[in-house]
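**Student:** For this one, chain C is given, so just place chain S on it according to the hints.
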Amino acid sequence: MSHPDDSELAEFAQGNLAGAAMTSVESHLAACSDCRALVAQVVKVLSPARVYGPHRGLVVGRYVVLDSVGAGALGEVYSAHDSTLERTVALKWLYPSPTGLDRDALRAQLLLEARALAKVQHPNVVVVHDVLAHEEADVIVMELVQGARSLRLALGPTTPWQRTVELFRSAADGLAAAHDAGVIHRDFKPDNVLVDGSGRVVVVDFGLARQADVNPAGAQPTTATRSQLSGTPAYLAPERWSGAPADAAADQFSFCVSLYECLTGRLPFTQVAVEARLDEMRRGPPALPAEVSPQVVQVLRRGLAFDPKERWPSMREVRARLDAALQAPRRRRQRLLVGALVSLTAAVVALGAFQLRGRCESADAPVRDLWSAGRRDSVLRALLATNHPAAADLSRQTLKALDALATSLAEARRRACVATAYEGDSDALLAARQACLSRRLSDVDALLRGFETADGKVVERAVMAVESVSPPQACLESSLTNAEPAPAGAAGAGIEAVQGKVATMRAARLLGRVKDSVALGEATVREARAAGWKPLTSDALLEWSLGLDRLSKFDEARERGLEALELALLARDEAQAFDAAVALAYLDGVDRKQSEAGLTWVRLAKALVAPQSQRGSQAVRLGNVEAVLLMRADRAADAVPLLTTLARDVEAKGQLQTVNGARLYSNLSAALRESGRPAEGIEASQRSLALMEQVLSPSHPDVAAALNNLGSAQADLGKLDEAQGSFERSVELRERLFGPDALVLATPHYNLGELAFRRGDGATALEEYGRSRAIVEKTNGPDDDDAWDSKMGEGLALGLLGRHDEAVTLLEQTVPQLEKRRLPAWNVAQAKLGLATSLRALGRDEARVSALLAWVLALEGPRHDAQRSAAARLATR
Amino acid sequence: MASLDASEVDQLLERAHRTFQVAVERERLEAWLSEVAKKPPAALDPGIVLSCALFDQRPEALRCFEAFVTPKVKAALRKLGATDVAVEEHLQATRTRLLVEHQGARLKHYRGVGTFEAFVITTAVRALTDAHRGPTQRETSDEEPLAKLPAAVDLERQLARTGQSALFANAFRESLAALSPRERALLKLNLVDGASIDELAPLYQVSRATVARWLASARQALQRGTLERLSARTRLAGGDLDGLMASLESGFELSLRRFVTEAASGDA
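If you read the sequences in order, they're chains C and S.
Letter 447 of the first sequence, counting from 1, is numbered 471 in my numbering, and no numbers are missing.
Letter 137 of the second sequence, counting from 1, is numbered 167 in my numbering, and no numbers are missing.
Note that these hints are calculated values from the structure, not bench results.
For every residue, glycine included, the Cβ atom is placed at its ideal position computed from N, Cα and C.
If a hint is listed, it holds; no wrong ones were tucked in.
Estimated spans, in silico, between C-beta atoms of each pair:
1) C:G700 with S:K138: 49 to 59 Å
2) C:L744 with S:L92: 53 to 63 Å
3) C:L135 with S:R58: 43 to 53 Å
4) S:A262 with C:S107: 56 to 66 Å
5) S:L92 with C:K677: 29 to 39 Å
6) C:Q322 with S:H132: 51 to 61 Å
Taking lysine-lysine and the PhoX-like style, the derived pairs with C-alpha atoms no more than 25 Å apart in a straight line are:
7) C:K802 with C:K844
8) C:K68 with C:K677
9) C:K481 with C:K802
10) S:K109 with C:K677
11) C:K68 with S:K109
12) C:K630 with C:K677
So that you can see chain S by itself, here it is in the shape it has in the complex:
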């Protein structure tokens, strides 16, 4: 970070004061910003001042945390179905993770982009999901199970009859891999994790219609890719292949959902 604009730092302090009733000395904030922030002060969320004050373990900062941040985290956890007891438990885990462990070093992850509350909520939701399945499985990938999908669609049965049953799964997997990272992330968020287009649109600051369009085109690309790979490799007679293509086109929506979804349940 080069030099900081002094008036911008002042304004950031002022905003933090209004939002969170929290303050740190200007020099301290400048040092903190040089260490963690990547953007100029004017572009930062005032939560970064609270994050700095929390790192310094200032008592009033802790009070602000409880007053402004905690209720939002609680509401978020409750919305995900946590019971009152679980909410308190995960809240405590979040406090420990952020404020206590490694002398609060995780606070330095917050760069002042997006709200501080969202950062804390993300940490809390992670505590919640870790608690559900144990933190040890975080290193798994879900690419692998896609290769061993069960045979179900007509197409697959026909391919199996001619001893080419792995073809569909392979073609599908390769086509999935050929999509852009965004297309893959969106498809899986939508189909596997159940995020709706209303929930996905804000990620890209676009309308729900745009996200719907993106998803549709990703699905089409996946279908086209699978078909092309299959027609290049199957040892089926020409007439059979035409019939297969037709049945694949009609059944694709269904099998896509099932395939991607079952892949997820496979690694759960």
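Just chain C, with the same shape it has in the complex:
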């Protein structure tokens, strides 16, 4: 097979092929996966705007993108609606800086210049409102110049020189005003001067050329290469070619090159090589047409002087000279004609914008109404009023998550509207999308109500709860129309009411009020059945099932879950079926401890969500469940590649900074450790911790748990000092959050005991194990698994301290308890080894010692290597 060459594929990717050439490439692509993969990659990167760039309906801050109104060397310009001030503005999208320079510094610089420019307030200077960051691009918000065309287009070969000079005089006015405010343009050229519908001249793109105006090496070469220059070479002053910074005199030079070009139709300097170019500029520009006023010629000659000191002292002076040159009768007719033409363009542009606003502008109103500034305040107040010790941090993170969710909900609603109103998607699809989105909206509403009656538990669960709302973007899938449509009319209203109840159940469960949620289950499902729409009944059943699961009523939960899945499949609602399958996977695999059954549900869930449409958060949820199940089925080694791939995908999509992302790394850490890769396990564990601190705030209880796990990983690797630090941080955070006697402190104290024991520090070990036991006993009473585990630790510590009598007494009580309670063999073996050691030290009951050691020696697997060799040593002594 002969493959098309890169040029043909590039032409195809740009839409430049037709006829036989097109058919030939298509036939090849239908058969050759390599070339197709190449084309698929190339179309993603060819136009920066196509992938990352703006599109109709995109929300950037308080602006909604409308139409493209033009493109320049630095970026593209879009009209946009300012939802706060109800006006139309222009958004200039600056392409990501190709040099990978410090973007923050760049943005700060842009902002500084925008502020300076904002003070100018001159009719011939574009008004800059704001500078924003959106994804990889910087976005400048400025006034929309209605019906604008560039100066180059406004002027033609037949335009009389007076008209040209007149327009330039206005531009000079604007430039002078900017210079007075200390703003340098850096890239003045005819393309950066606009003429609007009323004939007003506006200079745009001040300072933007600075984007590229940073010399990466920091050197000051005598002859600058193109990549180190800012601005357009054809208009660049000679001193800029030798690396001098831009200033007002350089702007004046560019202004005069532009005026020369517009008067004559050609550029004054055309040499390509730098040295030749400089020579040419030293000689001065070629002569101007005879009819041009001598005063204009004088302006140009001095303005184009090689030495900046020889040019006009300021743009004010240039403006005054041009003004003087124009003291001659003007050609009124010509001017009127241009004006009429331009107004027509303005009318067309304005009409397009009006229609879009009229049809989709209010699409996001329900979101704005729900998540209003007032509501935001009331949620914040309620969260703070819980007096949770970390309320300030946690509520800040919660509001951040809510803001993001509201933004994506609003954007999804507008996208859905625009897709049907302007892009040909069907009305049925719009209805399905809206139904899906209003379910999300009910979820948000229920959560907000939950927050407004928050207690300490709610505050802790808030971020995770917000994250658990299914992503609004998933509602834009085209496959939605496959599902059974919701009934309309009166039945539709009933459905909305039931939806609200399901949302209330969901919010209650997510916020830790599981009993409240389950109590609503039966009635809600009954009402849903009465409403007669299967996806809704399925949703209610699934929600009920999840609550029952949390209350450990596994059999009931399973029944409801199966019915939820069945109904979702009957209604062909793949998204709902996916949710049910994931829930069943967790229920069977984790709660009912049947890993293989769980993994079968995982396979079903995967089949329900096609790879291309699989949204990040769903993939992460499913991946986490699958990984946990694999680990439980002793297949940790299979979980590692799964989680690694997932983490890479999620990170590439920028969705790692979520609770589920943090869990992903936490699971990866466990999988790595279990498959004998402890060093990488620690790395993953640290990553998870960092993500949790970012997403949940550093004072979230889950961070304390992550610290504890990190410590365990470090201890496994023998990094005892680091482990100690992690455990101590965990203790410190939990004491601060819950007081010194909270049950959650038992584990880190136990771990600190283990550390001390491994160091041979019996006194500390005894103290830490003892604290752990006291804490457990205080809450759960003395007959508790963890209490017995701590007692075993105390017994070992006593042995280490040579207090063998006490050790034997304690361990004789402990060993049968550990065995009865089916605690891990490792713990039992530790207890037996300790007992054997102390018995041996006391010279007692040799037969019992042998029996204890034989039990340990019979253990299999690498986990028990150290214990077996310790037993062997004791046995041969």
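**Tutor:** Below, chain S alone, put in the same frame as chain C:
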């Protein structure tokens, strides 16, 4: 190429000068155009002048390449997830492939249709994807694995029970082959390679809605074709067949994605 319009050549030079700050003598450009271009100068991208100057190894052309083309290639590679180190590496591979190997003969592939940057980016993306899987596999075709698809849908299981399991795969493959090249290319670009309708629309200079329509009709044709072939060949009783048709119609979207997708992973 017949004779070149002199003023068009001048304008092309002028455009190249404005865009890339690059120039070659008019006679040289005319010779270059006669050799590589298929369209009149007015229809050509000014990048063809840069390509000529690069072939001649003019120092200022190399400078322009670094100043105007390199940043765009870098941005493209970065967007595909390449690290900074990888970007430099593939950029270097691209320079070598285009400018050094065979005395720059690959530059002659660029015919001035579409931008020169897009041509270089395509070469760079090829370097990137080759690096991921090794260039030796470029001769493979993905038609073959379609024949050995795993049985999964209900339909297939029923067919298997009556000893006709290959029927579905065959009917599917034949229907796929019966589509037009455009339909096949679009379906696979969309389903296998994950190109979105937004990304596909520019290939044909049509709206995303049009591409969506094309895709839908290709899917329908594939479904209809598979059904017709199956009903002609299955040895199932009439009632069974009706049930199968119904289940196929409902499950087709899912299985189509899975089938075409798994075919791709089969030859990876």
